[in-house]
Each structure stands twice: as C-alpha cells, then as structure tokens.
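Q: Quick mapping for you: the protein sequence lines, in order, are chains A and B.
With this note's numbering applied, the first sequence closes on residue 374, and no number is skipped along the way.
With this note's numbering applied, the second sequence closes on residue 514, and no number is skipped along the way.
Hint data in this document are derived by calculation from the structure and do not stem from the laboratory.
Because the structure is a prediction, the values reported are computed rather than measured.
EDC-like cross-link-like pairs, simulated, lysine to aspartate or glutamate; straight-line CA separation at most 16 Å:
1. A:LYS106 with A:ASP78
2. B:LYS393 with B:GLU493
3. A:LYS176 with B:GLU490
4. B:LYS485 with B:ASP387
5. A:LYS345 with A:ASP263
6. A:LYS67 with A:GLU12
7. A:LYS67 with A:ASP78
8. A:LYS162 with B:ASP387
9. A:LYS67 with A:ASP49
10. B:LYS377 with B:GLU397
11. B:LYS485 with B:GLU495
12. A:LYS5 with A:GLU42
13. B:LYS393 with A:ASP177
14. B:LYS485 with A:GLU160
15. B:LYS485 with A:GLU169
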Amino acid sequence: MDTLKVLVTDDERGMRMGVVRALKNYTVSMPDLAREVGFVVEEAETGEDALAKIEAAPPDILLLDHKLPGLSGLEVLDRLAGRDSATLTVMITAYASLETAVSAIKRGAYDFLAKPFTPAELKNTIRKAAQRLILAQQAKRLAEEKRQVRFQLISVLAHELKAPLAAIEGYLRIIKDRAAGDQPETYDHMLDRSLIRIDGMRKLIGDLLDMTRIESGQKKRDLAALDVRDAARAAIETMAPAAAEQKIALALHASAPVPMTADRGEIEIILNNLVSNAVKYNRQGGRVDVTLTQGHGAVTIAVADTGIGMTPAEAEAVFHEFTRIKNEKTVHIIGSGLGLSIVRKLAALYHGTATVESTPDVGSTFVVTLKTDA
Amino acid sequence: MPKTILVVDDDVDFLEQMKVRLEAAGYEVVTAESEARATEILKGLRPDVALVDLMMEHMDGGFSLCYHIKKKDPGVPVILITAVTHETGLEFDTVTDEERSWVKADAMLAKPVRFEQLEREIERLLKGTEIGHPEGAGHG
Numbered sequence: 001m002d003t004l005k006v007l008v009t010d011d012e013r014g015m016r017m018g019v020v021r022a023l024k025n026y027t028v029s030m031p032d033l034a035r036e037v038g039f040v041v042e043e044a045e046t047g048e049d050a051l052a053k054i055e056a057a058p059p060d061i062l063l064l065d066h067k068l069p070g071l072s073g074l075e076v077l078d079r080l081a082g083r084d085s086a087t088l089t090v091m092i093t094a095y096a097s098l099e100t101a102v103s104a105i106k107r108g109a110y111d112f113l114a115k116p117f118t119p120a121e122l123k124n125t126i127r128k129a130a131q132r133l134i135l136a137q138q139a140k141r142l143a144e145e146k147r148q149v150r151f152q153l154i155s156v157l158a159h160e161l162k163a164p165l166a167a168i169e170g171y172l173r174i175i176k177d178r179a180a181g182d183q184p185e186t187y188d189h190m191l192d193r194s195l196i197r198i199d200g201m202r203k204l205i206g207d208l209l210d211m212t213r214i215e216s217g218q219k220k221r222d223l224a225a226l227d228v229r230d231a232a233r234a235a236i237e238t239m240a241p242a243a244a245e246q247k248i249a250l251a252l253h254a255s256a257p258v259p260m261t262a263d264r265g266e267i268e269i270i271l272n273n274l275v276s277n278a279v280k281y282n283r284q285g286g287r288v289d290v291t292l293t294q295g296h297g298a299v300t301i302a303v304a305d306t307g308i309g310m311t312p313a314e315a316e317a318v319f320h321e322f323t324r325i326k327n328e329k330t331v332h333i334i335g336s337g338l339g340l341s342i343v344r345k346l347a348a349l350y351h352g353t354a355t356v357e358s359t360p361d362v363g364s365t366f367v368v369t370l371k372t373d374a
Numbered sequence: 375m376p377k378t379i380l381v382v383d384d385d386v387d388f389l390e391q392m393k394v395r396l397e398a399a400g401y402e403v404v405t406a407e408s409e410a411r412a413t414e415i416l417k418g419l420r421p422d423v424a425l426v427d428l429m430m431e432h433m434d435g436g437f438s439l440c441y442h443i444k445k446k447d448p449g450v451p452v453i454l455i456t457a458v459t460h461e462t463g464l465e466f467d468t469v470t471d472e473e474r475s476w477v478k479a480d481a482m483l484a485k486p487v488r489f490e491q492l493e494r495e496i497e498r499l500l501k502g503t504e505i506g507h508p509e510g511a512g513h514g
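Modelling step: build the complete structure from the supplied sequences, incorporating the hints.
A: Structure follows, in structure tokens:
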C-alpha cells in the first residue's frame, strides 16, 4: 500500500485533530491500477510553520485554512506560487465565503472545502485529490518507461546494424588494398560474405518494420477465410533450397484443410519465421516437421526440428526482442533476433500463444496456437 | 620466426578479415570464435599477442578471457576490442596502470578497427615484451 502525506494547516487544534482522526484508517483503492493508498497526517499551526514544513518535505496534499493568525491561507498560496511541485492544495474556507474559494483556485489551489464540514465530506475531497495524484504518478511512470524502452531499442538496433556494416567495410577495404594478393578468385568469398551480411541487414529492417506495424496497430488487417496449409506450403517451398543444401527433409502433416479467418500476411510471417528457424538451426541431414491441427476453437501450428536445441534458460529468452542464442553452434547463423518476438506478438493478435519445447543437441518444437473463435 | 597472434571474436567475418590482414603483415594467426574455443587453444599455445573482442556470448566474455590469459601468463600482451563503450554506458580505458590492472588488457581499440592502428599497437606491445616490460610497454 502506498502512503500519501497530508499537511493540515489550521490554528484550531480541534480542527487538526478531527482531520487526523478522520484519515487515520482511511484508504482509497484504485482497483484498475491495483493500488491502494493510505494517509499520514502532519500538522502546522500557522502559515509560516506550513511554509517551513513544505520547504523541508513537500506533502502530497496540503489542507490549508484561509483564516490563520499570521500569514493568511491566500498569502501562503502566493508564496508557494511558481514552485515546481506536485502538491495539491485544498483550501478550507468559511461557509458561504465563495469569493475566497474562487481566489484560492485562481492562485493554484486544487479544490476547496467549506467549514464546517463532516468527516465524510473531508474524506470525499481527499479521495478525489488522491486519485488525481495517483493517476498523474502513473502517467509519469508510463511516459518514463516508454522513453526507456525506446532508448534501449534504438541502442540495440544501432549496434545490430553497425556489426554487419563493419564486416562489409572490412572486406571492401581488404579488396581495395588487394591485401590478399593479386588473384581475383581469392576475393570471391569476401564478396559472398558481404552480400550475406547485406541480406542480414535487409532482413533486420524488414523484421523491424513488421514489428513496428504490429505494435502500432497501424497496419490494416485484412481478415478473410483461408487454409493455413497454403501458408505452410509456401513457407516450406521458400526454405526448400536452403534445406536441400544441408540435406534437411521438410514435411507438412495436415490430413484435412485447416480453415480459419485470419490475415494472410500475418499467418505467412508466422510460418516463414518458424520454418526458416527450423532449417537454420538444424543439423546436416536433419528433419523439419510442420504439423497443423484444429480443435477446441483453435488452430495449432507445430514446427519440430532436429537441430541444436536450447537449454531451458535459452528457451525462455528466445522470444524476447533482439535475443539470439549465441554459442559455437550458432556463430555462423545470421538472424535479426526479432523473428520469434514477432511470432509471439502476432499470436497475441489471435488471442493465442507461442511456446517452445527443446532439448539441447536433440531439437526444438515451436508451437503456435491461434484462437479461431476469438 | 613469425610471431603468433590469437584473435578471439564471435563475428566470423571479423576473424577472417584479421587473418587476411595479419597474415599479409607477416604474422601467424590463430582464430577462435568463442571464449570456450580460445581457452581450449590456449592450453597448447602461447600467443605473442592476443586480440580479444569484449562482446562475446556473455556480456563480459572478453573480460573473463583477458583475465584467464593474464593469469596463465602475465607476459602475453592483450588488446581488447570493443564496439560498445558508448552505447552500454560502460566507461573504462587502459591509459593508467590502475585501469590496466583491473581491465587486464594492455590496450583497447574501438570497432570498426583501423588496421594501421591495430598494427601499430601490436608492434608496440611486441617491442615491450622484447625489452621485458609487457605491462607498461611504451604507453602514454
């Protein structure tokens, strides 16, 4: 539970005691934010006393009586004007002194409470102020988090793009300097590697655009009846040449059509990512099995490989943005680190899930479940 | 006899480029694409200079490898290569003796590495080992 600090400023001791009593066990709950706040009450007898206490430690809520022996409530407000503070001031005025209330609001007070007031009236005013404060805190925290996430994403992205650029530049400089001798064939491999790194950059940019479109919700989704088998066949066909190079067998298992209403592009991205990973992280002479099933209001896509597999910790991390499993077995594999995070985000659009079961050096099975009745 | 240089980096293209460049400059080059592989190689090889990338499979893979190389043989000069000092907010250098003692490297180079600069550093460190002051060789 959070605690908000209330500073009550009134020269009447009874008045201050009444506030302390009313707020002692009072809590305000905000179920939407899963937050509950209680209050601690500090007291000040005069305006001067209040200013000193505010200077030392600003309260969240200032309950300020207008009629005070030295500085008046309005004068205290004037002294506080221009301070950069999140304190909300509630002005306490004599009943029917609407004029004072209006000038208080003009001077920056948030609300006013007319004397005499009941504990229930006090609590009601405090509740409104507390909710406003919590919402403001929440908005500030969200904005800060958003800034942080954005900063991290851009830093990582810059690094991910600098690495292939450095590799390509390195090869070009070697070629320019003829550093490996005068035989043109010597440089063929360097040119091939440069082109592979350029492909990797292009894939990263493509994935990044996919991800941004999904997250922003800007992309128009074109929902239509389709057969998931078509997307699976297309993905297998795309990866067939790369699979053949490694003598990897690709198979689709679906005994009947797998109809669902979905965006064709999204289903293709899911299958392309899963099948391409299953081939890239496989072993020479391995297998990739794509199994489509339907039931319980969902379509299930399972892509099993006979590849390098992952430890439980790696399996947990692999769906995060820019997470690639780096070890000796993956050092020659190029990837953006975004594919599986995109798959999981797309699955969420269908109220579904993306998970993996994996055993190191045996293989991984990625399972995506998409709700068809959502 | 040609001097042997161990290059450790998880980017296979960087390894290949270093091999081509350093061999053209007359060095013998041994490459490793991981900390584990480098540790394996070091069991049977004492390189004249080690070139270690800071960012390997684990965030601090480069640091721990530097530490191992120096622990095994403090006389092997280590050049730490990094692409990320600014982005990670990691701030360190190898200018003072104190910095060198905890970073466990004799020099640091930023990626992308200028080969001419790398060659100068290697020559400087090799000269240092010949006169028997590997740690403090001609810095400053």
